[in-house]
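Colleague: Generate coordinates for the entire structure from the input sequences, incorporating the hints supplied.
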Amino acid sequence: MDLKLNDDQNMMKKVAADFLKAEAPSHVITDWYQKKIAHLPEIYKKTAGVGWLGMTLPDEFGGGGSSATDCGVVFEELGRGPLPGPFFSCGVLAAQILLDGGSAAQQKAWLPKICDGSAIVIPALSDDPIQFGPKSVATRATKSASGFTLSGTKRYVQDGDAASHFICAARTDSGGVILALVDRQAPGVAVKAVSGFMIGAAEVSFTNVAVGADALIGALDEGWPVVLAALTKALPILCAYQVGACQEIFEMTNEYTRTRVVFGQPIGRFQRVQDHCVDISIHLDGARWITYETLWKLDSGIAATAGAHQSKAVASEAYYQSCHFAHMVFAGAGTDYKHPLMAHSVLAHALYQYLGTPLFHKRAMIDAMYPRKTA
Amino acid sequence: MDLKLNDDQNMMKKVAADFLKAEAPSHVITDWYQKKIAHLPEIYKKTAGVGWLGMTLPDEFGGGGSSATDCGVVFEELGRGPLPGPFFSCGVLAAQILLDGGSAAQQKAWLPKICDGSAIVIPALSDDPIQFGPKSVATRATKSASGFTLSGTKRYVQDGDAASHFICAARTDSGGVILALVDRQAPGVAVKAVSGFMIGAAEVSFTNVAVGADALIGALDEGWPVVLAALTKALPILCAYQVGACQEIFEMTNEYTRTRVVFGQPIGRFQRVQDHCVDISIHLDGARWITYETLWKLDSGIAATAGAHQSKAVASEAYYQSCHFAHMVFAGAGTDYKHPLMAHSVLAHALYQYLGTPLFHKRAMIDAMYPRKTA
Amino acid sequence: MDFSLQPDSPEISAFRQEVRAWLAENMKGSEHLRWSGNWSTRENAEEYKFRRALAGKLGAKRWLFPTYPVKYGGAGMSLDHQFVLETEIDKYGLSLGSVFYTLSRLVAPALMKFGTEEQKAEFLPPMMGGELAVWQVLTEPQGGSDVANCQTKAIRDGDDYIVNGQKVLVGHHLPPDFLWTFVCTNPAGKRHENLGWLYIPATLPGITIQHMHLMMGIKNAIFFDNVRVPAKYLVGGENNGWKVANSYLELEHGGGGSVAEHPLFARLIAHCQRTNFDGESLMEDQDVRDVLAEMLIDLDVQRLMGLRNFWHRYVKQPHSYGGPQFLFLQRMVRLRNAERVQKICGYDALNPDDSVHEVADFEYTVRSGPGWLHGGGTLDTDRLIIARRLGLGRPSQEDAPTTV
Amino acid sequence: MDFSLQPDSPEISAFRQEVRAWLAENMKGSEHLRWSGNWSTRENAEEYKFRRALAGKLGAKRWLFPTYPVKYGGAGMSLDHQFVLETEIDKYGLSLGSVFYTLSRLVAPALMKFGTEEQKAEFLPPMMGGELAVWQVLTEPQGGSDVANCQTKAIRDGDDYIVNGQKVLVGHHLPPDFLWTFVCTNPAGKRHENLGWLYIPATLPGITIQHMHLMMGIKNAIFFDNVRVPAKYLVGGENNGWKVANSYLELEHGGGGSVAEHPLFARLIAHCQRTNFDGESLMEDQDVRDVLAEMLIDLDVQRLMGLRNFWHRYVKQPHSYGGPQFLFLQRMVRLRNAERVQKICGYDALNPDDSVHEVADFEYTVRSGPGWLHGGGTLDTDRLIIARRLGLGRPSQEDAPTTV
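Chains as they are written, first to last, in our numbering: chain A, 202 to 576; chain B, 202 to 576; chain C, 536 to 939; chain D, 536 to 939.
These aren't lab readings, by the way, just hints derived from the structure by calculation.
Worth double-checking, as some hints may not be accurate.
[As the list claims (entries may be wrong)] The calculated DSSO-like cross-link candidates involving lysine-lysine, where the alpha carbons are at most 30 Å apart (straight line), are: (1) Lys214/B <-> Lys851/C; (2) Lys336/A <-> Lys878/C; (3) Lys215/A <-> Lys851/D.
[What the hints assert, rightly or not] Short derived list, chain B residues pointing at chain D, Cβ under 8 Å: (4) Pro330; (5) Gln332; (6) Tyr357; (7) Phe464; (8) Phe471; (9) Arg473; (10) Cys524; (11) Tyr538; (12) Met543; (13) His550; (14) Ala551; (15) Tyr553.
Virtual Cβ for every residue (Gly too), placed ideally from N, Cα, C.
Modeller: Following this line, the structure appears as structure tokens:
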């Protein structure tokens, strides 16, 4: 047993922290979020240089060959920002989908581009705004002479506007789900920004978009299992990002209890204020240790499907609730879009939905551990 | 609009409070609960004298002809005790079942006896320990020459050991539910005390118990609707009892914050302690006003089914949670069976289950308001 | 007990018919503006114009402050008349308070109680006529919840006060006519004895109003730079501001009560009935039904506590801890409902686009959950006040101030 | 990072085999006593006897305190050996701490750190041998959470202390051999500088032990009436008790950590698998599955926080707020699990009758939820300590004491 980071990881962590300090300090990130800027192409390119895109991919594809835990350590630092951009959606999830389900040709064609940032491949999976999962795939894939014709609208695609390509989940006439790689520039593809109390989501519509048979990732009608396999490996890294976000909120809130004086004393002397911080600590540490244990399982070849779902349930809930508790401490000041808490508050609401809500993942966790007889 | 009690009700409240002070002061009740005494025949008889048994029944049956609200006011005071005994199960619920579903002959035979305390009729409805509702009626009613033969075990019958008679819910061969009035002394009826962290429940088993056709309350296979109709009228009165219990807990806890000194000051000066009391206040007042609005609806001829279910969900939850918050304030001292909080704590656990859990009643509430298409 | 909001004497019945007809006529064409989660949900000019105009029309009929004396712009009517007006306008998701885009609803009673005859005559008629947008201007950047620690100074200079200082987190997207504010009239004085209430025309030189972009929408910072305010606008007398505050803030802090039904639930039911997932209406989904049940219970408890406080206010027997208890509960319910709306509507709950579903207000509900955890205090100060009113750890219980 | 609890050097593997075989042999016939929610769940003589005997056997093998010096009854083994013992015994739902029916697990380390050589030689061998039942005797009726406010007096008289006073809420259903307690050695002294720790033979004249019947089972009140305790049993020196307490209580307050898996979840799964309602296993019921999911998450978070604290303890880098955070979480999880067990099992959750289902412990779980909201402090004092360790509202953070 050893629960500390190793020297390499401490180094990676420092590199990431320094990167953020130089390229995206807190007030700058706050400003991006207020302006709803969810992707910074220049910064994204720079992170390719540091090796954060496709970090867990094998060397042969330009990846870093890093462990899941290494990658989690870096993403934890990014989450402290919270640095916006398709680091996870493309650099981790799409990369993993292609690694798990792509043909050798697809891997060779796309993985290096993901790693060097020249292609931004974004999964566009659910159509429905409420539920995540295969049932919410409604975009149709109609068989054509050369492949498929896709039609449908993905209402909320995280990082959709950053995409150069999409991995589109679509339903075939036989009722199965395929995954198709689609060029954003292909005729019939339209991306529309979505405003509101969230960040990074775009509506992506496919109107009679033709894709060749070679665009398929994974076997015909067997797309969803590829997604599931990739999620097991990818989700814990998204969770590490959320853990970093919670850590940042925790520290900024604790610090505020020392410096903010009301009724003649630092507010941290009031038990009620203390309790809001205690509540954050529990969410933070719960998310942290569930996530890192799952990352360790991934690195150790131990079954991690239930753990990945559990991590997503716990980390998204932790992020969402930590923001609430921080708002209780910061009160009015914390609701100003100029305050660093607001970037987190907005993002936490989006990530609560992203790739399935906590309820969805709690059920997936239990289903993975104790499969239902009647399924 | 008028949200205060009227003069008559204030008088009834005082009579009940004085009765408790004289017959069952707090330390005596605490002792009964520690000894698991759930029925005091002498006190029960005396309450008949004050008119609290069958209070809402018409004069002609020996009842008080009182409004639901009047009855609620009295039961609120009883709940402060919490005075143990089949006041509700027989005096309200069984009375109501007989009034709603009984034949003229049954009403004439039984209601006066309920009112004068000479018969204690106890509903024995669910067999299953977990769920309440018609699905959990498993006792079989097999057609016989003269009526039915009952066989089965009701695992937890509240006030079962106080009964002289039972209203037994049983399933016929056609799958319907009947209600049968059964003499406790009938061959094949056995009552077994149940120990544990609860009070008042007994196991009642029926082994080939013969009942005549005239024992049926309500039409053949139409027993459950009789129960439902009676519950709408009865549950809010049980809720008033729980409201009184919460009120008592609230007051004893608030008082303790003034008299108990730790770390050099009354514990009520600590914000954390205050917050436990605030939490009780919200549960108490929520239960109080939901309950009294429902009682008013009953008295005003306004549909109250959803309100009755809502009241039970809210009041049972309030009682259960108020005990928890009070335990947070009383700490060690409050866990001693010699402390008045313990009677409440034990009873709240039993009433949480009795006649359906909060979840059951929340669903029944929504189902009453917005019936499902697929039922 | 009687929970009925419909008194039914013949006179009152006739009045109800009159109000109902009047509202039907005057709401025509504006039904889509019936309800917003808050004044500033939409922040569009159309809604603002509509509401201000409606306030003017109601004011002209003396229906904004029906029980107030005729000479100040009220109608001298009975409490029953006020019930009729509140309950009928509630059917449009509005209330006599929220049509205003102003805090006159809080200001007028305080003026009635603490104003001089001259002040009443000058200020009340246009206010009760619904003509004025008045902002409450209380919070300061340093003071936060501790409003008694007021740093905005008002120093007497002849017939004026010279006001300097800053207030934050006030108002909404369009400017006010008057400001109603707490000032420190005696910087050397003792806490609670050094304050005054001022009614300040918003157009005086030296006043700067700057938008603040907040989670809940637009609010403002207001800067006072040597603003000369006529001394006759001091309400309640020299250094008496804390007393004005005490009875006045109880209204803001929940003590005013409410007869409203919260429209969120009905809107959510309608949304679930018309929205399908996997071939079935959301109303048939057990998870959705469970969330709705929890929401209904919370909203009913909130409604009843509001009703209780309303009744206590009007029978002049203030409920000791009812005001802050309501406010605390309301904040927590708002937070839970924010989460519930997201659970039911998913991403759509984060999207205010009217084309997605008719209910722009869902998105407002989501952000106002955490956003309105403060305002007129915080969860923490609410509980502080409840504890004092309950006398926790104290020999005696603090009374609620008599509201005005 | 490495979360593995199975070190796999050949030497350690061999030791694991040895322990596993030994436990299999010594648990034979007592499998039904494998786990109780707490020492006192069952309060029956059979379980008590079994556990005390097992402690004696483990002690005889020097496995109760494997890393402690041989001369005091330990085995001088490595931390890896301790892991093996903890994880293997955990499979029986026991731990090196909970087989005891004693608090030696807390007492021995304190004696190691603060005891004189003479005290160590006298007390440690029988304690590490598992022969003694030692109770911790801390809470007083007046003091409650404020343990420093100790009213039990120990006045020096020659070679003895004369002890007078009362302790409550301690022990269990069968009597102890020794008491380990806080006494006021200098009634005129300053708070925190007037206390001593005494190790008191339970059989001394003047000691009366009375059962208290509590929600969680039997505990006791202990009365000291002019009890003469040899002065050589004062641990840590004159008026130094608070220092002993500080490092010692951190262990009780969660800082000791744990490598245990909580057996409740597995038992509940087994119960749901074999219990039907309406023709279907409870494991197929979505409501049940949802409750189980929430429980699993809570228990996993608790397990991992315990593991974290265990690790921090053994690498001698105490986690600053980890101890009280674990304790606070554990209390809240216990309370939530009490409700969850009732939601899943209904009335049966309130019924300890073994014939109902094999799991007598469910009923204990229900009453220990509210029942164990205190013990070694309360929810409120846990959070007080966390806040100090985090330095909330303070210029610096208080360190966790180095545990012993």
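Colleague: Would the hint on Arg473/B stand, with a C-beta cut-off of 8 Å toward chain D?
Modeller: 4 Å, holds
Colleague: Is Lys336/A close enough to Lys878/C, meaning Cα to Cα at most 30 Å?
Modeller: Since the Cα atoms of Lys336/A and Lys878/C sit roughly 17 Å apart, the hinted pair holds (cutoff 30 Å).
Colleague: With a cut-off of 8 Å on the beta carbons, see whether Phe471/B makes it to chain D.
Modeller: 7 Å, holds
Colleague: Keeping to a limit of 30 Å between CA atoms, is the pair of Lys215/A and Lys851/D held or broken?
Modeller: At roughly 25 Å apart (the allowed maximum being 30 Å), Lys851/D and Lys215/A satisfy the hint.
Colleague: With a cut-off of 8 Å on the beta carbons, see whether Tyr357/B makes it to chain D.
Modeller: Check passed: Cβ of Tyr357/B comes within 4 Å of chain D, closer than 8 Å.
Colleague: Can you verify the interface hint for Ala551/B: is its Cβ closer than 8 Å to any Cβ in chain D?
Modeller: 7 Å, holds
Colleague: Using Cβ atoms only, decide whether His550/B comes closer than 8 Å to chain D, and label the hint accordingly.
Modeller: 6 Å, holds
Colleague: Using Cβ atoms only, decide whether Tyr538/B comes closer than 8 Å to chain D, and label the hint accordingly.
Modeller: 5 Å, holds
Colleague: Should the interface hint for Pro330/B be scored as holding, given a Cβ-Cβ cut-off of 8 Å against chain D?
Modeller: 4 Å, holds
Colleague: Just to be careful: measuring from the Cβ of Cys524/B to every Cβ in chain D, is the smallest value less than 8 Å?
Modeller: Holds - the Cβ of Cys524/B comes within 8 Å of chain D, reaching about 7 Å at its closest.
Colleague: Holds or violated: the hint that Met543/B contacts chain D, with Cβ atoms closer than 8 Å.
Modeller: 7 Å, holds
Colleague: Can Phe464/B be said to touch chain D, with a Cβ gap under 8 Å?
Modeller: 5 Å, holds
Going down the numbered hints, you'll see the structure goes against none, and every one checks out.
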